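Going down the list, the sequences are from chains A and B.
Counting in my numbering, the first sequence tops out at residue 317, every number present.
Counting in my numbering, the second sequence tops out at residue 328, every number present.
Some clues are possibly wrong.
To be verified - Straight-line alpha carbon distances no greater than 25 Å define the calculated DSS-like cross-link-like pairs of lysine-lysine that follow: (1) A/Lys-286 / B/Lys-246; (2) A/Lys-293 / B/Lys-164; (3) A/Lys-190 / A/Lys-177; (4) A/Lys-177 / A/Lys-220; (5) A/Lys-156 / B/Lys-246; (6) A/Lys-285 / B/Lys-246.
In case anyone wonders, no lab produced these hints; they're calculated from the structure.
For clarity, every value in this text was computed on a predicted model and none was experimentally measured.
Read off the chains here:
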Amino acid sequence: MRIIKGTDAIPVEHPVFLIFGQPGIGKSSLGYSAKDPLALDFDRGAHRAANRKDTLVIDAWKDVAELMENPEQIHGYASISVDTVGRCLDLMTADIAMHDPKKAPGGNLSQQGWGVLKTRFRTWTSQLRLLGKDVLLIAHDKEDKDGDTRIVRPDIVGGSYGEVMKVADFVGYLYMNGKDRVLDFNPTDRWIGKNPAGWAPFKLPPVSKAQTFMAELFDKGRAALGAISEESAKVTTQVDDWRAAIDTYTSTDEVNRAIGEIATLPAIAQPQVKKLLMDRAKALQFVWNPQAKAFEEAKAMAAAQA
Amino acid sequence: MRISATTLESFRLFNEPDQEWMTEDDLRDSILGRFVPNHKVNLGTAFGKVLEDPDHYMVPGGFRLTANGECFEFGRDVMDPCLALVDRLGVFEAKAIRRYGDCDVVSKADHLRGAKLSEFKTTLSTFDFEKYARSYQWRFMADAFAPSVVTYHVFCLYEAPNGVIELRSIESFNLYLYAGLHLDCAELVREFASYVTAKGLDGYLRQRQAEAA
């Protein structure tokens, strides 16, 4: 057992990727390029994929439930690709309707039913992560008209869309640019994205040469999320050090001297330390003199104004 | 010109295709700082105050406070799960300014801890991921504070006819900086500056800039 301190970085060992794009663009094939993958074929389309590896055709949610009850069956797989997540949620919905019809009157989920669906999906992806699997969610794309612009989103039904977007650490859109397949994690005004790593769009190699693409991307994603956590831990320590110092300040000299130093801090630390300093100055009843651009004792300020 | 990120978000929403709920007069009021908070805004303000300083508003069984003259009570069953998400060592309501051409955009972060920025939102409606993801409020904050991650905590509330507030769910998710973020922000500022200049509203914003200097 290891206690992680508040200022320690917490690694994200198994990120969740969501990749969406047009049918036939090679999403399933991309799924097979993850490390030791098992494809859960909800769409029954795996036979069309190139570089096909182990695949479990899912006819009903009970197939997934059975798999999760016997996790030794997926022991040898490092990655699980859910192909497609939209169809996966359809089967989950059908399962809720079958076992708890009150939550899906007429086959359509009630508000409570949506709640159950979201919780079940979230729990399931968490279970996969806890089992040590990298999770790749695959979705078809869906184009919606928004005024004159067209926005491309993952084709995921209603209330579960938000849940999938919440769960996914990385969201990338796979599209054709001329003859090139491009995977872009950057959100634009034309499509949704999530890009914690700050990646530029990837031009994908031909399918036959993209045998380890997702395996490498998961590793890079893990590293990027780890770097975010480390960076935050570093800033947390920096701000906490400042907090400790500021708490000892009792004079306007100390407070004013800090102003210049704070201006040299990184953009993320500066407003935090500035706020701590302002709060300390207020507690000490110092007042800001905008002409002198410095704090003064309230009495001194009043005397100067008299 | 000195512009708040909230005003820029109002401008973006006003220009959204098919939006019908905001009139040009509403936008003008927002630009001129004549915003009159409604019940939902007051509820969010009150909720945010408790998140920031729960001890201050604590009463037996919960929290009580007023926001813009309106009284709110939140039970412990509502607030405790929400308060559990907030690192009390973090800094609340920190301000940052980022310059775009001759415009200063002012952003206020609900909560900062390390390189993580958190925004707290309340809603009485169904959770809508895109409403938040498409917002420019977080984009301007991300551009000004340069956090590693922006985390939204959306507190979905239900208000009974007798005024009792219940917590339906908490929806938390992360958003991240991306390559075109600064350019997207700069473009919206440019469009806004053209709009206010054409409408003769820039004087007020320039005066705010001069006062802040």
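Now the hints, each set against the structure:
Between A/Lys-286 and B/Lys-246, the direct Cα distance comes to roughly 29 Å. Violation of the 25 Å bound is thereby established for this hinted pair. Distance hint between A/Lys-293 and B/Lys-164 is fulfilled; the C-alpha atoms sit about 19 Å from each other, no more than 25 Å. Straight-line distance between C-alpha atoms of A/Lys-190 and A/Lys-177 comes to about 32 Å, which puts the hinted pair past the 25 Å bound. Restraint check for A/Lys-177 and A/Lys-220: not satisfied, since their Cα atoms lie roughly 32 Å apart, outside the 25 Å limit.
Of the pairs offered as hints, the one joining A/Lys-156 and B/Lys-246 holds, with about 16 Å between alpha carbons and a cut-off of 25 Å not exceeded. Simply put, A/Lys-285 and B/Lys-246 have alpha-carbon atoms about 31 Å apart, too far for the 25 Å limit, and the pair is violated.
Checked against the numbered hints listed earlier, the structure breaks hints 1, 3, 4 and 6; every other hint is satisfied.
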